[in-house]
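Residue numbers (the UniProt record's numbering), protein chains in the order written: chain A, 1 to 365; chain B, 1 to 365.
Derived from the structure by calculation, the hints contain no laboratory data. Treat the numbers as computed from the prediction; the structure is a model and nothing was measured. Be a bit skeptical, because a hint or two may be false.
To be verified - Here chain B is said to cover these stretches of chain A; the calculated rule only asks that three of the stretch's residues, wherever they fall, bring their Cβ under 8 Å from a Cβ of chain B:
id: 1; region: 29–36
id: 2; region: 180–189
Claimed, not checked - To give a feel for the contact side, a few chain B residues facing chain A, derived at Cβ under 8 Å:
id: 3; residue: A170
id: 4; residue: N171
id: 5; residue: I172
id: 6; residue: E175
id: 7; residue: M240
id: 8; residue: K292
id: 9; residue: A296
id: 10; residue: N300
id: 11; residue: A311
id: 12; residue: L314
id: 13; residue: Q317
For glycine and all other residues, C-beta sits at the position ideal for the given N, C-alpha and C.
There are 2 protein chains.
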Amino acid sequence: MAPAQELPPETEAEPLGDAADKSRVTVVGSGNWGSVAAKLIASNTLRLPSFHDEVRMWVFEEILPSGEKLTDVINSTNENVKYLPGIKLGNNVVADPDLENAVKDANMLVFVTPHQFMEGICKRLVGKVKEGMEAISLIKGMEVKMEGPCMISSLISEQLGINCCVLMGANIANEIAVEKFSEATVGYRENRDIAEKWVQLFSTSYFMVSPVQDVEGVELCGTLKNVVAIAAGFVDGLEMGNNTKAAIMRIGLREMKAFSKLLFPSVKDTTFFESCGVADLITTCLGGRNRKVAEAFAKNGGKRSFDELEAEMLQGQKLQGVSTARELYEVLSHRGWLELFPLFATVHEISTGRLPPSAIVEYNR
Amino acid sequence: MAPAQELPPETEAEPLGDAADKSRVTVVGSGNWGSVAAKLIASNTLRLPSFHDEVRMWVFEEILPSGEKLTDVINSTNENVKYLPGIKLGNNVVADPDLENAVKDANMLVFVTPHQFMEGICKRLVGKVKEGMEAISLIKGMEVKMEGPCMISSLISEQLGINCCVLMGANIANEIAVEKFSEATVGYRENRDIAEKWVQLFSTSYFMVSPVQDVEGVELCGTLKNVVAIAAGFVDGLEMGNNTKAAIMRIGLREMKAFSKLLFPSVKDTTFFESCGVADLITTCLGGRNRKVAEAFAKNGGKRSFDELEAEMLQGQKLQGVSTARELYEVLSHRGWLELFPLFATVHEISTGRLPPSAIVEYNR
């Protein structure tokens, strides 16, 4: 609490930016995108009176080749030298290797880790978050299980008993890091005020954030677009031109929308016009590793497997699009929806070698 | 009429493909896209019993360097050697240099000429078209006048007193000519049966056509996308990356939708998910001459005018995007809508030198 001051009565009720009323933000994750998120947020907490200046960032501790700890280097140089070299995060970003400590004073948590870590992180945080905590997930690529997709936002909400929004969009971290113009979408469930608060926390002159009341739609876009990017990569590999590629992207967008709405009738059409929808799809189908490896796959006439090409081209990273396509295929065939989603189905059938790459443009409907 | 035949009573009422009941199609125009349209249609009139095999194509007569008439060469070689060399149109396509003769027996007219010729063509056809004639316009790029856009489909309807649909989409003529997979959208006003007939007439295994009840939305897409392509070209020239480009394309799509709906409240959101909307926008922003010249404009820091770059890069062709942006700007400023359409307004302000190309990503809203 700030010390009591003698103030004229008429100003006594004014918000004084009292320390106890200010929101404290912790970013859980410190990879490429996590570091950029911390930079965006840190520029805003300095500027906005309703937030504490300090942004805490949980860092999975690593020992650098120099023998130093990554957190020490981030805190002394103000740079994530491993995952976002050359970019100053803001000197109000504090790296913390201790997850529980990093979140204990926070009332706003930003989750931005690889999705496979989230279950473990949630387990560690059960009972350790403040009452009234608000969360947002920037994690793309949840799994699509037979019984429905395993949404990261739901995992967080259910495990920690807190509300969770999502932020998705056409967000290539390195481009936003150098302050190139971009947009993003915040998906929220009911509380518009909370959505506006997240929008405030992330928005800058070069990063425009819009809220939409549709968590599931926004989050599904971030996963399903990778399957469409595989299709776009096939078209590139077959050298079919921009016309065909645009058609395939459009069919992909339509299937993303139809699939999301079948699973969650609350999903809105308009969400697919947002940055998380059409813009992220465009970015992913123009660049991105799903597109790139799929292009190589088609160029090789499907004779070299995705596993082989991934190993060669991606230094151990795995393609999300291929596994999402497999998961989707299981859902579609289990529910009898295969004919409704010819593009999704065909991507899987091509990537497993059952159909040739040229099948991506064969729709006799 | 076919001669009366002795038929068992139960088959008498069956459609016999009687010559008088069959639809006769004439394509008015024979440029690059017109020739491809004739090829698509001719493959279908042969196959479908409800159409006469012959497809008449009105050709603006030219004398080729060989001294031969273009129509004679088309009719003897079955190729439009000037505008679509190397592609067989189908030997049921008949080139006709006489406009009135070409349309006199038709009951379905396909208009596909440069848009500036349409007023003159309509004048020549007044009173010369059959009763019950149906028309479709494939012409993109009508003018946007202060009192509203001058839709080509309305011009045709009003001048000739006939119903007119439109067909738009991500359609690079040369790619469809070699049968690369593509899509298109038919916009119709009320009569779904007519729309289905046009869909039948154009659809092939590599050209998928869908009907939507929204003539204005479909037709406006074909014009407004050129303005967005100018914006995308600026981003390319500034080398801002795919992320920024995707954001600009999305904002452009949003302004296309909002502008169309302000002018015509009947315009549907879903139209912008069709080939005429998002797919045509993608194609135009990836390739296309509007994008290309705008890229050169931005690379030169706006120091060389569009007129100069057009003259140098396009061999006398004019960019539709620049003039459409000017027309749009007039409408927006006249109606007090400039602030609602920052991207449209900024494109015009950059292309006239009032703002630098970098302004394309400056939206402090």
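To see whether the hints hold, each was checked on the structure:
1. Coverage of the region 29–36 of chain A by chain B is violated [criterion: at least 3 residues with CB-CB distance below 8 Å; count 0].
2. Only when three residues or more bring their CB closer than 8 Å to a CB of chain B does the claim for the region 180–189 of chain A stand; here the count is 4, and the claim holds.
3. Residue-level restraint check for A170(B) holds (minimum Cβ-Cβ distance to chain A is 4 Å; threshold 8 Å).
4. Residue-level restraint check for N171(B) holds (minimum Cβ-Cβ distance to chain A is 7 Å; threshold 8 Å).
5. At about 4 Å, the closest approach between the beta carbon of I172(B) and any beta carbon in chain A falls short of 8 Å, and the interface hint on this residue holds.
6. With 8 Å as the threshold, the beta carbon of E175(B) comes within range of chain A, its nearest partner Cβ sitting at about 4 Å, so the hint holds.
7. Hint status for M240(B): holds, given a least beta-carbon distance of 5 Å to chain A, under 8 Å.
8. Given hint, K292(B) at the interface with chain A, is violated; its Cβ is 13 Å from that chain's nearest Cβ, farther than 8 Å.
9. Hint status for A296(B): violated, given a least beta-carbon distance of 19 Å to chain A, over 8 Å.
10. Checking N300(B) against chain A: minimum C-beta separation of about 21 Å lies over 8 Å; hint violated.
11. A cut of 8 Å between beta carbons decides the hint on A311(B): the least distance to chain A is about 26 Å, and the hint is violated.
12. For L314(B), the suggested interface contact is broken, since its CB lies about 19 Å from the closest CB of chain A, more than 8 Å.
13. Contact between Q317(B) and chain A, as hinted, is not supported at the beta carbon level, the nearest pair being about 19 Å apart and thus beyond 8 Å.
The earlier numbered hints that this structure contradicts are 1, 8, 9, 10, 11, 12, 13.
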